[in-house]
Amino acid sequence: MFRRVFGIAVSRIAFGLTVAMGLASLTACGGGGKPGSNQLGTTITASFSGQTLPQAVAYQAGTGGTFQTIGLSDATATFTLPSGVDAYGVAFVCPTFLDGYYFSNTSIIQATTADTTTLSLSCPSLLGAVNATYDVSAIPGVLSVDLYAGYFSTETGGTTGYVEVGGLPTGTLDVALVARGSNGPIALQILRGVNVAALSNTNVTFPPMTAADDVGTSAPVSLTGIPSGATTSGFATRYNTSGGLSIDLNSLSLTTHPTAPSSQSQAGDYYLIEGLGILPNQVVTSEITASATSAVTFALPAPLPSTPAPTVAAYPTFQVHTSGFTVAGPVVNSASIQYQLVPGAANPFYNVYTYVTQSWLGSSSTFTVPDLSKVAGFAPAPPSGSEEPWIYYSTAGTPLQFNPLQQTGAESLTSTMSVQSIRYNGAFVTP
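So for the sequence shown, my numbering puts the first residue at 1; every next one is plus one.
Because the hints were derived from the structure by calculation, they are not lab data. Any given hint could turn out to be false.
What the hints assert, rightly or not - What follows is a list of derived Cβ distance ranges for each label pair: (1) S144 <-> S364: 40 to 50 Å; (2) P399 <-> Y102: 31 to 41 Å; (3) G141 <-> A295: 22 to 32 Å.
The model shown is predicted, which means the values in this text are computed figures rather than measured ones. Idealized CB from N, CA, C, for every residue including glycine.
With the hints as constraints, model all of the structure from the sequences given.
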């Protein structure tokens, strides 16, 4: 089961090639700096986790500074802003990966020192696979079985047998088996701390499921603020473990959310509850974390009165939206674009994801996707005549939401999270 954006497998992405990059800890200069000043200001650190490093990294000083390449030392890029400059940008491109088609992902984060001075990013190595043997024959009403590893999953039929999920991060992961019936999840088992190796199958065996593994339905949920005319199926539930596992526990109930069996729960696990409202030209969502026994009441944000398309250009300009949110926390505006150099040919789909904080924008009501086509190692510009699908997001809450979803396969999740977002999308032909 995958979530896809423009055909991109957001929850199952296979990266290859690790690129080691050399040392560079540079002093930035550019937009917003004091002319002729040699004084140094705040140091910014961007650290990359996982076994796959980006093939290129660049930084920007100020809101108008030119992006410059920078290297890595121990998977970390460090640069120092000039004195008096608090705005900066960090851009990185992960190695091209294959998932039915070739994809190349560039992420750009534009923030200020008031937002953060340390960024935790990743280009994970998704070269692992888990093969699980299972037996759910003692659980009545099973229609399908799902295998989860980290944030990735696959589905199979039959009450006994084996199931495999591939394209996984390598390293230590929690792995889960979910038996599903006509109304949602029925039973659940979790194997903690499975070591997933690269380029080989990791074999695991789940014990036969019993009634002790049954999923509960005891936690009440209430979704408020549903916009007039919106279509909503209520909410979705994910069970997240301290070992990096995220399990879909969606059910048809609109008043309670499923709960993991006590036999499988551990301290540090938590639930992520998501509400969603679909309007003709936009989608509003709200996400909140909860414990197993807490009653959850959360609200959707107010929809936008209009959803203006971006300015048509190879690197489009988007209007900023900051209203309608009822949660505390900073607002991040983001946009993604996709294009090919030769439509339909065997060349990569280039994806560019831009994340801009409100403090970086200041009084500006728009932001433009930066053109990095002249920066070494980054994607070439969209050619004239190419189709360019786009998605716009405005997100508020905590934690700050600019950890690139498309790079990690996962949202920026913590056990204490409350986030609301508004999104809409479209496409144009590059002039």
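Tested hints:
1. S144 <-> S364: 40 to 50 Å: holds (49 Å)
2. P399 <-> Y102: 31 to 41 Å: holds (32 Å)
3. G141 <-> A295: 22 to 32 Å: holds (28 Å)
When each numbered hint is compared with the structure, no violation occurs for any of them.
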